[in-house]
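If you read the sequences in order, they're chains A and B.
Just so we're aligned: 35 in this note's numbering is position 35 of the first sequence, and the numbers increase by one with no gaps anywhere.
Just so we're aligned: 227 in this note's numbering is position 227 of the second sequence, and the numbers increase by one with no gaps anywhere.
Some clues are possibly wrong.
Derived CB-CB ranges, DEER-like [stated by the list, open to error]:
| # | chain 1 | residue 1 | chain 2 | residue 2 | range |
| --- | --- | --- | --- | --- | --- |
| 1 | A | Glu237 | B | Lys111 | 14 to 22 Å |
| 2 | A | Thr98 | B | Ser204 | 26 to 34 Å |
| 3 | B | Lys144 | A | Gly239 | 32 to 40 Å |
| 4 | B | Ser204 | A | Arg246 | 35 to 43 Å |
| 5 | B | Ser45 | A | Glu237 | 16 to 24 Å |
Straight-line C-alpha distance at most 27 Å; calculated DSS-like pairs for lysine-lysine [as the list claims (entries may be wrong)]:
| # | chain 1 | residue 1 | chain 2 | residue 2 |
| --- | --- | --- | --- | --- |
| 6 | B | Lys77 | A | Lys109 |
| 7 | A | Lys105 | B | Lys77 |
| 8 | B | Lys144 | B | Lys77 |
Interface residues of chain A toward chain B, partial, derived using beta-carbon atoms under 8 Å [stated by the list, open to error]:
| # | residue |
| --- | --- |
| 9 | Met106 |
| 10 | Gly259 |
| 11 | Asn273 |
Simulated from the structure, these hints should not be mistaken for laboratory data.
For every residue, glycine included, the Cβ atom is placed at its ideal position computed from N, Cα and C.
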Amino acid sequence: MDTIDSTVPPRAEFWQCLAQAFYAPRGEHFSRSLREDLPEDLVELASLLGRDLSGVIGEIREVFLQTDADSLLQTYSSLFLVPPIPAKLNVAVYLDGTLLGPQCKMLEKTYLRHGIEQSPEMHDTPDHLATVLEFLALLFYKRDCVGAGKPETLRDDLESVRGLLLRTVPEIERRAAQTERERALPAVYSALLRLVLTLLHDEQALFFPAAINDETATSPGYFSKRDTAPDLVACTECGRPVATARELKVIADRLRQSGLPADHLGLCPDCRNAQYGWRPGRADFDLPGFR
Amino acid sequence: MATWGMVIDLEKCTGCQACTLACGMENNRLPGENWQDVIFFTEGSYPSAQLKWFPRPCQHCENPSCMAVCPTGATFKTADGVVLVDWDKCIGCKYCMVACPYGVRFYTEEKPLVSPDMRKVHASKDEHSWNPPWKMPDAREDWKHGVGIQPHDVVSKCTFCYHRVSMAPPGTPDLDPQDPKLREFTPACVVTCPPGARLFGDLSNPESRVSRMIGDKRGVRLLDQLGNKPQVYYLTGDGGAVPSNRAIDKKA
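Construct the entire structure; sequences and hints are all you get.
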C-alpha cells in the first residue's frame, strides 16, 4: 500500500509517521495501518534519507506481526491510559512533576509561534508525545519547504523540542519496558520509544543533514556552534564573541522586564572582572631587567 | 522556611583557597571549574602595589538575572532561597552565563581550564560529562537540583551544597560547623574555611548569627547597585567595601 505522500519532504514525513504510532490504535483501519504499513514506510523513508534503519525497525515489525488489533489496543491502554498509568505519554510531566506545568506552557507558546492551536478533538495536553512528534514533523516541513522564513528560530525550536524529548523519552521507555515485562504484554511500545530515542540521538543524519559536511558537525550540540554564527557581537574589551545580536537582544529585554540592568552585556564574562576593578597583576613597571 | 545566606568576613579570609578545594572535592568539579572562586588582583601601582584576593561564590540573588533570562525555566529558586539549575531542563544555551553580572556560572563543554583535560583522562562511559576518581555517592546525585557530576552541554554553578543544606533540621537559625549535630548539613566551604571566615544561616531569622553579623558589622553585598540583591554578604571591617564598590562607597 503506497502511503507515502511525495509532496512532503521525507524527513517531515518520517516524524509524522512515527508520531501516529503514539496515538491510541482505535479502529480496525488505523490499527492495521500501524501494524502493517508503518514499519515499511519508516524503512522506506529512512532509506530516502540515506539511513539504514531496517535492523532497528525489523524488531518492531516482528512484534507487530504477532499482535492483533485488540491486543495492540489493550497494550496501549495498559501502558498509557488506565490509572494508575505506568508510563504517561505527556512528556513535560517528567520534568515539571505535574500536568500543564511550565514546560507544557512553553510548548504551547512554541506551537502558537508557529501558528498551531490545539484541536478540540485532541483530548489531551499539548505535551502528548504524539503531538510533540507531529510538531517536530511540522518544523522539518517548514525548514525544508517554506525555507528562509525564520531559519534561526526554527533551528532553536527544533533543538528545544529535541532537548525536551531527549530528557523525557528515556524515562517513558524505561517505564513502558518494565510494565510490558511485568504484565507480559507485547514489547511493541518500548521498541517504538527506543526507535524515537535512536533517531533523536542520530543528530547529524536527521536533524542537521547539512552539517555532515560541515566542520562544526563535530561539536556536541547546536548551542556549542554559536562561535560560527554570522551575527556574533564581539566583546568591547577583548574582541571575543559574547553572543549573537539576536540573543543579546532577547537577554537584554528579559533583564529589563525584570527590572535588572543590562549594561554589562557588551563585555564577555571574562572581561567583567577587570571592569569591577579586579585586574590581575602585571609587570608594567619600568625597571631594568623587566619587560 | 529559612532563607539561606552566607556571610564572608574579608578581614579573616586569608585567600588560602581551602574553600575552592573543598567545594571541588564535595561537588566533583573539574579542575579549574571553581564554583568557590577566589579572585586575586592588584590594587595600586609600583612601588605601592598590593596583591589582594576576593572570595566569590554564586551570590544566590533574591532577584537573579540568570533566572530572568533562562528560556526553559531550568534555573530556578527554591523556597529556601537557593538558586539552582535543573540539569534535566538545561539546554546549554548559556544565556544565564551572559546575563549573570557576577560571572559565577560554568559550561561543561568549554575549553579545559587546566591541562591535561581531565574529561579525557577520566572519560565517562555514560551520560555524565566525565568520570572523576573521587565522587559523591550516587544516591546524593540530584540532577534536578544541579548536584553531582553534570551531563554534557549544561551550565553548572554553586548550589550552596544543596544536598547538605536541604537536609538541615527545620528552624535551624545557623548551620555552624563547630556544632557536631549540624556539621554534616553545612556547606563544604564553610566547614573547611581554616580561619572561620564564612558563616551560613537563615537571613530571614533576626536572631541568627548571620543576621546579627550583617547588622553589627555593616555587611555589604557585591555590586549591590545592580539590584540583584545577593544573599552573600561581605564583612569588610571599619573602612571597607567590597572591591567593586570601593570607588562608590569610599569613606570620607
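Which hints from the list above does the structure break, by number from lowest to highest? Violated hints: none; all satisfied.
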